[in-house]
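**Q** This is what each chain is made of:
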Amino acid sequence: MNASIRPNSSVANIKAIAKRELSSYFTSPVAYVFLVIFLLLAGFFTFTVGNFFERGEASLSAFFAWHPWIYLVLVPAVGMRVWSEERRSGTMELLLTMPVNAWEAIVAKFLASWAFLAIALALTFPIVITANVLGAPDNGMIFAGYLGSLFLSGAYLAITCMTSALTRNQVVAFILSVVLCLFLILAGFNPVTDMMTRWANPALVEIVAAFSVITHFDGFQKGVIDIRDLFFFLSVIGFALFATSVIIRNHRAG
Amino acid sequence: MILIQNLTKAFGPKKAVDDLSFAVERGEVLGFLGPNGAGKSTTMRMITGFLPPTAGRISIGGHDVVEDALAAKRLVGYLPENAASYPDMSVEGFLGFTAELRGLYGEAKKKAVHRVVDLCFLESVLHQQIDTLSKGYRHRTCLAQSLIHDPEVLIMDEPTDGLDPNQKHEVRNLIREMGKTKAVIFSTHILEEVDAACTRAIIIDRGRIVANGTPEELRNMSELAGAVTIAAQNADAAKLSALPEAARVEAVNGSLRVYPKDKNAPVALARSVMDLAAREGWRVDALHTEEGQLDEVFRRITLPDTVKK
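Those protein sequences? They're chains X and Z, same order as listed. Quick note: the first sequence uses the working numbering, first residue 1, plus one each step. Quick note: the second sequence uses the working numbering, first residue 255, plus one each step.
Source of the hints: derived by calculation from the structure; they are not laboratory data. Owing to the predicted nature of the structure, the values given are computational and were not obtained by experimental measurement. Please note that a few of the clues may not be correct.
Stated by the list, open to error - The following label-pair restraints were derived from C-beta to C-beta distances:
| # | chain 1 | residue 1 | chain 2 | residue 2 | range |
| --- | --- | --- | --- | --- | --- |
| 1 | Z | E446 | X | L123 | 34 to 40 Å |
| 2 | X | H251 | Z | G416 | 22 to 28 Å |
| 3 | Z | G360 | X | V36 | 54 to 60 Å |
| 4 | X | L123 | Z | S388 | 34 to 40 Å |
| 5 | X | I175 | Z | E470 | 39 to 45 Å |
Stated by the list, open to error - Restricting the straight-line Cα-Cα distance to at most 30 Å, the calculated cross-link-like pairs of lysine-lysine (BS3-like) are:
| # | chain 1 | residue 1 | chain 2 | residue 2 |
| --- | --- | --- | --- | --- |
| 6 | Z | K363 | X | K15 |
| 7 | X | K19 | Z | K389 |
| 8 | X | K19 | Z | K422 |
Stated by the list, open to error - Covered, in the sense of this in silico footprint (three residues per stretch, anywhere, with C-beta under 8 Å from a C-beta of chain Z), are these stretches of chain X:
| # | segment |
| --- | --- |
| 9 | 21-30 |
| 10 | 92-100 |
In this text, a Cβ means the ideal position worked out from N, Cα and C, and glycines have one as well.
This is chain X alone, in the form it adopts within the complex (with noise of 0.2 Å):
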C-alpha cells in the first residue's frame, strides 16, 4: 500500500463526503432553480398573503410564519435525492464500501443539504435590511426565528432523508416525505387542534401537539429560544438520521 496513506479521521470523512455532496448541488442548474423559487415564494407569503408593509408593525412575523408550509414542499425537493439517486445509480455500492462508516456518509450527507437549506435561507436577508430600513425591529427576535427556521428546515429534512433511503424512487421519496412533515405540522395546527378537540381528551391533544413542528417553531418566532424547543428540533434529526442508517443496514442485509 502506498506510505503516504494514513487512515482518515471521522471528520475527514464527513467533511470529503460533505464537500461533494454539497457541491453537486451547485453543478446543476437545479439548485440555482431551487433558490430562485424559494426566494420568490418567502418573499411572494411575506408580502402578498402576509401583508408585511400593512401590518405596521417592525418584525418579520409575516415571513417567519410560512415557513412551515414553504418548507413542506421545497426541503422534500432538496433532500429526495439524497439516497435514492445513489441507490438506483449504483454509487451507494462504491460510497460504503470505501473506509467510511456508514454513519459517518448519513451524516455528511445530511450536513451538506442542510448546509444548501441554510444558504437558501440566508440569501433571505434583505427581508432583514428592509424591516430595520423602516422601523426599528427586534433583531434578537429576527435572530430566534432565523435559527428555529434552520432547526426546522432541519427536522423536514432529516425525515426526508430517511424516505429517501427507504426507494430508489425520487418521487416516492419526495411525497412519502411530505405526507410525514404534513403529519408534524397538522398535529399542532390550531384548526386541527381546535377540532379535535371538540372529541378527544384535551390532554391527548396536547400530547399529539408536542409532537408537531408549529407548537415548537412558535416559540422561535417570539423571539423564545428556549431548550426544550431546540431538543425537540434535534431528537427529530438524531431520530430520523438513526431510522436512515437502519434502513440502510436493513437493505445491504437483503
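Using the hints, position chain Z against chain X.
**A** Only chain Z this time, still in chain X's reference frame:
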C-alpha cells in the same frame, strides 16, 4: 491475502451463495466464472463489505470484513458491477474525491490521481463531466478509482463488460500486470478472458463452487481434451477404434475424432493414430490433438437441471 470460509448469503429462503470456501494469495489472479445469477456479484459484494454475510467468514489481509470492516476495506480496491460513478462530477473531481476517502491529500492526492489517469488513459477527458463520457471512458474512470490507493487486493465485477475489443485487451493486460503484485479477483462470463488473464479460475453455479483450478486443469475436464482428429482419405473408423489407446471414434465434418482412454496421455494416442495411418497408407490431410474447450466444460457443469435431462 483473501480467505473465505463457508461463506453463505441467503435472500429470504433463497440461498444466493451457498457455503463457499476459497483463498487468493498475492500474485494470483482469480477468475470468477458462472452463469448470470450464479452468485458472483453477491460474493464480491460480501468480500468488499457491502453486503453482510448470512454465515461464514471473510478475512482480508488478516482483517475480518465484518468485525474490522474499515481496516479490511482500506486494503481493497473495488470496481462494482456496471462501474457506477457520480455522473455530475468531472473525472478529476471524482478521482480526487475517492482519493480523499482513501486518506490521500495534497501532493499525495495529486500524484495518485495522476498515476491512475496515466494507467487508465484518461488524460484527454480529465476535466469532462462523467455523464458526457462514452461507456468505455466511464468504465475506465471507475477502474481508475479502484486503483487510486494502489491496493493490495483488487476486486472487479465484470471489468470488461461493455468495452470494445481494444479496450478489453488493455484492461486484461492491466489485470495481468496488477496480478503480479496483488491479489486479484475478477468476475466474467467471457471464457477467453480466463486464458488471457487468470492464473486460476473458479466456476460457480447456483451459489456453489463446481470447479476450481488453473485454466489448464479446467480445460482438461473437457471431454474433448486429448482427442485426436484426423482428416484423411479412406480412413477407417473401425480400425481407429481398434487401437488400444482409443475409447471411441466419432465422425465430425468429414474427419474422424478419436477420443483417448487415458486423457493424460494424449501423445500416445496421436502417435498410434499416425502409425496406423502410415501402415494403412491413408493420405492424411490434417491431424491434430484437440485442446479442451472451456466453454464446453462451462456448459456441461453449469447447465440447469431441466436441460441436463
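**Q** Next step is simple, just say for each hint if it's right about the structure.
**A** Taking the hints in turn, this is what the structure says about them:
Hint check: E446(Z) to L123(X), Cβ distance near 58 Å, so the stated range 34 to 40 Å is violated. Hint check: H251(X) to G416(Z), Cβ distance near 26 Å, so the stated range 22 to 28 Å holds. As the Cβ distance of G360(Z) to V36(X) is approximately 37 Å, the hint placing it in 54 to 60 Å is violated. Judged by the Cβ atoms, the range 34 to 40 Å given for L123(X) and S388(Z) holds: they are separated by roughly 39 Å.
For I175(X) and E470(Z), the Cβ-Cβ distance of about 58 Å falls outside the hinted range of 39 to 45 Å, so the restraint is violated. Taking the CA atoms of K363(Z) and K15(X), the gap is about 16 Å. The hint holds against a cut of 30 Å. The hinted pair formed by K19(X) and K389(Z) meets the criterion: a straight-line CA distance of about 26 Å does not exceed 30 Å. A hinted pair counts as satisfied when its Cα atoms are at most 30 Å apart, and K19(X) with K422(Z) does not qualify at roughly 34 Å.
Coverage of a stretch by a chain is defined here by at least three residues with a beta carbon nearer than 8 Å to that chain's beta carbons; for the segment 21-30 of chain X and chain Z the count is 4, and the condition holds. Note: the segment 92-100 of chain X has 7 residues with beta-carbon separation from chain Z under 8 Å; the three-residue rule is met and the coverage holds.
Violated hints for the displayed structure, listed by number in ascending order: 1, 3, 5 and 8.
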